[in-house]
Amino acid sequence: MDIPIEVLETFRQFRTAEMTTISRRGEPITWPVATSFDLDVGRFLITTSIGLPAKAFNLRRNSRASLFFSEPAASGLESPPAVIVQGLADVEDRVASIDGLEEYWKTIWKRQPASKLYSLPIVRLMSDYYYMRIIMTIAPTRLVWWPNADFDLEPNELRLEARS
Amino acid sequence: MNYDSKRVRSLRRRAERFSSAVLTWIDASGFPFSIRCRPVIGPSGVRIDLSNSIAAEPGRAGLLYHSHNDKLWRLRMLLVVGLLEREGRAWVFHPQKIITGVAGVNKLHMLRSLVNARRTASRYLNQRHMPRPEVQWKRIRELQRELND
Chain A
27 MDIPIEVLET FRQFRTAEMT TISRRGEPIT WPVATSFDLD VGRFLITTSI GLPAKAFNLR
87 RNSRASLFFS EPAASGLESP PAVIVQGLAD VEDRVASIDG LEEYWKTIWK RQPASKLYSL
147 PIVRLMSDYY YMRIIMTIAP TRLVWWPNAD FDLEPNELRL EARS
Chain B
14 MNYDSKRVRS LRRRAERFSS AVLTWIDASG FPFSIRCRPV IGPSGVRIDL SNSIAAEPGR
74 AGLLYHSHND KLWRLRMLLV VGLLEREGRA WVFHPQKIIT GVAGVNKLHM LRSLVNARRT
134 ASRYLNQRHM PRPEVQWKRI RELQRELND
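Chains as they are written, first to last, in the working numbering: chain A, 27 to 190; chain B, 14 to 162.
Only chain A is shown next, with the shape it has when bound in the complex:
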């Protein structure tokens, strides 16, 4: 994948991306998510709790999705581009928890230390579902990015073949 380094850095360092799925009524539903990009397999990983499964339901009906990287807060990057990724999603049937997601959770706890409260003994009686996750992956088919997040500029574009 010939993705420019500044775009890859955006994928790695941004704390959130705005993920859009398409509802049953055809509405774009956008939600901030934490995501990680695996360059070797060419896919983004996103998970959602089974307590908030709407994204997964939408993707099971319509696999077309997007991830928009436009909020650089806490990324440490200076003048990063804004990037939109369009791609096709896969949603796993199983409910995952920790196994296989160790690095994902470590990144979440590192970047969002307060989320560790979900594993405190008292809190987890109520919110154990937080650690019951649906795994979604997105294979990008098109990237569009604006250097310096300047939306008045003509954006750059890269078409990609989705890897299965």
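Some hints could be false.
Simulated coverage check for chain A against chain B, where a stretch passes if three residues somewhere in it have a Cβ under 8 Å from a Cβ of chain B [stated by the list, open to error]:
1. 54–65
2. 93–99
3. 146–160
These are calculated hints, taken from the structure and not from any lab test.
All values reported here derive from a predicted model rather than from experimental measurement.
Glycine included, each C-beta is placed from N, C-alpha and C at the ideal position.
On the provided structure of chain A, position chain B as indicated by the hints.
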């Protein structure tokens, strides 16, 4: 366009705290496409100025406002779905439904969200005849400790 001006007023009140928003529509290829913008909420809808290089599509659209602090906490979000229309050279978003996020409103709202999510989780498992997974709390503690070392 027949829209509810009360909805526009409600949106203006809630959106005040955010400096920008993400506008999303469905593009000609059927994929979502987003842009960050500074919506101007007026009496007849939400005016959005887009550069000529951006090929927006009229139709169903969403407007997301969100923010977080440096530790990815104090999450605030506001999602609005509606219709995007071209009016002359400008784009106007007509809000139809305001969806508030899971956090950032008040403690009662957070508690209600927690209870709802717990119910949804149980329903998710029941409908699929799946047993409630055993969360490996010990493993979580070990991983969190590794992170601190």
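For each hint, the structure was consulted:
1. 54–65: holds (count 6)
2. 93–99: holds (count 4)
3. 146–160: holds (count 7)
Of the numbered hints listed earlier, not one is contradicted by the structure.
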